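J.: The chain contents come next:
2 protein chains.
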Amino acid sequence: MRVVSRFEELATEGREVGLVPTMGYLHEGHLSLIERAAECEAVVVSIFVNPLQFGPGEDLGDYPRDFERDLELAEQAGADVIFAPSAEEMYPEPLLTRVSIPDLSHQMEGRMRPGHFDGVATVVTKLLAGIRPRRAYFGRKDAQQLAVVGRLVKDLSFPVTIVGCPIVRDQDGLALSSRNRRLGGKERAAAAVIFKALQAAGKAVIGGEREAGVLCQLVSDSLGAAPLLKPDYVELVDATSLQPLVELDRPSFLAVAVNAGGVRLLDNIHFFVEGEMIDLGRVLSRPSILGAA
Amino acid sequence: MRVVSRFEELATEGREVGLVPTMGYLHEGHLSLIERAAECEAVVVSIFVNPLQFGPGEDLGDYPRDFERDLELAEQAGADVIFAPSAEEMYPEPLLTRVSIPDLSHQMEGRMRPGHFDGVATVVTKLLAGIRPRRAYFGRKDAQQLAVVGRLVKDLSFPVTIVGCPIVRDQDGLALSSRNRRLGGKERAAAAVIFKALQAAGKAVIGGEREAGVLCQLVSDSLGAAPLLKPDYVELVDATSLQPLVELDRPSFLAVAVNAGGVRLLDNIHFFVEGEMIDLGRVLSRPSILGAA
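Top to bottom, those sequences are chains V and G. Per this note's numbering, residue -7 is the first one in the first sequence, and the count goes up by one each step. Per this note's numbering, residue -7 is the first one in the second sequence, and the count goes up by one each step.
Treat the hints as calculated values from the structure; they're not laboratory data. In this text, all values refer to a predicted model and were calculated from it rather than measured experimentally. Errors might be hidden in some of the hints.
As the list makes no split between identical chains, a pair holds if one copy fits it or if it spans any two.
[Stated by the list, open to error] Straight-line alpha carbon distances no greater than 20 Å define the calculated SDA-like cross-link-like pairs of lysine to any residue that follow:
hint, residue 1, residue 2
1, 146, 83
2, 222, 52
3, 146, 2
4, 146, 80
5, 146, 230
Make a model of the complete structure from these sequences and hints.
T.: So this is what it looks like as structure tokens:
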């Protein structure tokens, strides 16, 4: 495995590259993306905590980092190249160019984090332009981000396939996130409720329920039983347009964001609608290669 | 020479591509770019009248077109591939993604044509993303566009070199433009004054003049002597930041826009500052391969 810090050093020319963009502090979710990317001729994992997608007062400064551990884990999972640029490599001059998708950026996470998705769209454009992958892998936990990136590559004609991958969860169902480590003990225990609430909605869908209001209420009620969690939103939206649905009648996801003692947690359940069939997607609980970490 | 209408058909993989983006209705200026691009392994000429960079009330509908003639001329000049996408290929769905560079888009042409450079930046991003050239060729007549594109590729990490090429002029000095054909006889005759006015400023610079106010006034005075031309702006600006200069002390250009009987004409003179030397750039008058056209 090579570790490079400049685009010119990537030297993947001629090989079909699979890109896994990350902000580091890798967990099993990232590793599942890297393993999936092995279907390409070369797997590039980018590690860059992108200042552009953090707002003032957000956690840019204390976003968790452990570069040496990341290298080890990425190599075990099958990465060929780590692209770890400095802020100077990514933003040598003040950035004057912005990539934005206003219609997909104002709702849900975008409502709470103005400018966040402009930052995501801009850095993803840079990675796609500079690395030229044929496929890029994103987790479904950040479902709005996946919709933004999917639209971006179509709109900007990047010849890249965006692969959305299943959420990886802890034993108790909590979606893995680099931010989970900041949870206090009580909040961590309470956070298991989030997935249970989503499962309740999933079961209702399997039982025939299609009304968005009913499904979201089910989730809100379950979350309400855990006083340490403050729900921010519970929404059922079209998976590509992010328009709120009245009825579950198309590919969509039911997304929640909660505040758990100052830590923001996201989760969602995707509904893949094929004719009359609704598939809730896999709930992936991988055998850990991280041990107790 | 191949003519293709979809990105997937380009099949230039592995070859070092030189891209010449045009809106068609080719003239000697375009042909000089195509000839220059022959330094690459494959020359792709794109022909697409981009609706996104025209404002309401602008001349999108009657922008001059002659596709068969364009093919002949491009082939003579050395093009390997013509990329002529339909509007549906470029914009299959409503475009939600925008690329913008506000700091370089609000002045000069941008002041008169709000949204114009967002349209340029977005379509250029699509061409660079979809075609993956190593070099792209632009004429210096559209000097602000060149600054926008140059900044865009740096900011978005495209591994492409932007090559700015000399303005090609008619016998009497008028900068070639697809829009020139719309000039009435009197306006066409009067338009020769534009280059003479810029030359007067160039001579003053060679004579030692460095004050922007004096240089711009020289140009304005010369233009004022031609009553059929209505100057819109005369500005000396930094070639990359587009900031107006007080004194000519860096790479810059003196740009003019005039309205000639409803036809908008642009021209400029570039100053390449090397130490104490100021080079006015070549005034290129090519032997015509177009005959009387």
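J.: State for each hint whether it applies.
T.: Evaluated hints:
no.	hint	verdict
1	146 / 83	between (25 Å within a copy, 9 Å between copies)
2	222 / 52	neither (22 Å within a copy, 52 Å between copies)
3	146 / 2	between (25 Å within a copy, 17 Å between copies)
4	146 / 80	between (29 Å within a copy, 12 Å between copies)
5	146 / 230	within (17 Å within a copy, 35 Å between copies)
In the structure shown, a violation is registered for the earlier hint numbered 2 alone.
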